[in-house]
Amino acid sequence: MNKIIITILLSLFVFVSCENIPSDVIETAEADFKLVSLSAPPEFVYTQQDSTFETTIEFSNPQSISRVWFNIITEDGTTMLKQNVAMIGGSLTPSEIRGYYGSTILGKGIPTGKYIVEYYVEDNIGAGNDKVHKIASHNFLFISGQQNKPPVISNLIAPDSVVVVAPRSLINLHIKVEDENGLLDIREVYFLVFGPGSTTGNKVNMFDDGKEANGDDTAGDGIFSRIIEVTPTNTKGEYRFEFEAVDRAGAVSNKIIHLLQVI
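For the sequence shown, the numbering used here puts the final residue at 263, and the numbers step up evenly by one.
Treat the hints with caution; some may be incorrect.
Said to hold, decoys possible - Label pairs and their computed distance ranges (CB to CB):
1. Gln146 with Asp209: 50 to 56 Å
2. Thr47 with Ile97: 53 to 59 Å
3. Glu242 with Glu43: 31 to 37 Å
4. Ser66 with Glu229: 48 to 54 Å
5. Thr78 with Gly145: 21 to 27 Å
Think of the hints as simulated: they come from the structure by calculation, not from any bench. The C-beta atom is built at its ideal place from N, Cα and C for all residues, glycine as well.
Given these sequences and hints, build the entire structure.
Written out as structure tokens, the structure reads:
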């Protein structure tokens with residue numbers, strides 16, 4: 001029974017967020033530190049006078065802590081903005097609480113948007129990956145100060161027609177996406193597909209991840225791709241594709257419309 005309780009408590013500890021700091025002491029043979037508090041700004045505005053993002057975190061019973069660090073990622077988790085930023089531990093207080101401080105520069109080249117700080121602890125008791133614990137996460141809004149510009153899409157590569165053969169025919173779609181605020185500012189690229197006589201489009205996302213399954217050759221080159229399939233069960237006729245991109249501020253690109261004949 002005790003082993004079951006320990007496992008449940010450890011799982012709760014690893015995935016706790018900064019908004020839900022656990023109130024119970026972690027009872028585990030591997031590490032007995034406890035997250036006490038976390039401080040980080042909910043909003044960070046870049047200025048030439050202040051570009052340093054600062055955060056602190058406190059633990060009780062910190063003797064089993066080897067090191068503490070944080071990463072900053074985009075809200076959708078697809079891009080790592082800052083990685084392994086060390087947090088320096090202070091003196092142990094009489095109540096056995098130790099604070100850790102960390103900072104990093106956030107430049108104006110980073111697009112305005114929502115980001116996530118993820119906090120990690122490595123203990124000095126466990127072994128391998130068991131030593132590393134994701135302790136908390138914190139969401140914040142970064143305001144870069146630069147004027148936001150909507151993305152621009154161009155150079156669509158798509159066939160004008162496709163002859164359907166069994167069991168399926170594959171269609172490779174590629175489109176170039178540019179943004180004056182950088183590719184990191186792109187939240188999503190997609191197209192809507194309207195079948196013959198349809199007024200309702202199905203949304204399909206495109207990717208710039210370098211994955212063969214998506215038909216993308218090189219990750220991060222600004223060319224977003226997608227492979228779709230057409231089977232003999234699809235209705236024959238003219239399909240309308242509407243391509244768009246959206247940035248992290250919600251600005252929408254120009255629209256490209258393409259007609260495809262399914263034969």
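How the hints compare with the structure:
A C-beta distance of roughly 26 Å is found between Gln146 and Asp209, which places it outside the suggested range of 50 to 56 Å. For the pair Thr47 and Ile97, the supplied restraint of 53 to 59 Å is violated, since their beta-carbon distance comes to about 33 Å. A hinted range of 31 to 37 Å for the beta carbons of Glu242 and Glu43 is consistent with their spacing of about 35 Å. Between Ser66 and Glu229 the beta carbons are some 50 Å apart, a value that agrees with the proposed interval 48 to 54 Å.
Remark: the range hint 21 to 27 Å for Thr78 to Gly145 is upheld by a beta-carbon distance near 24 Å.
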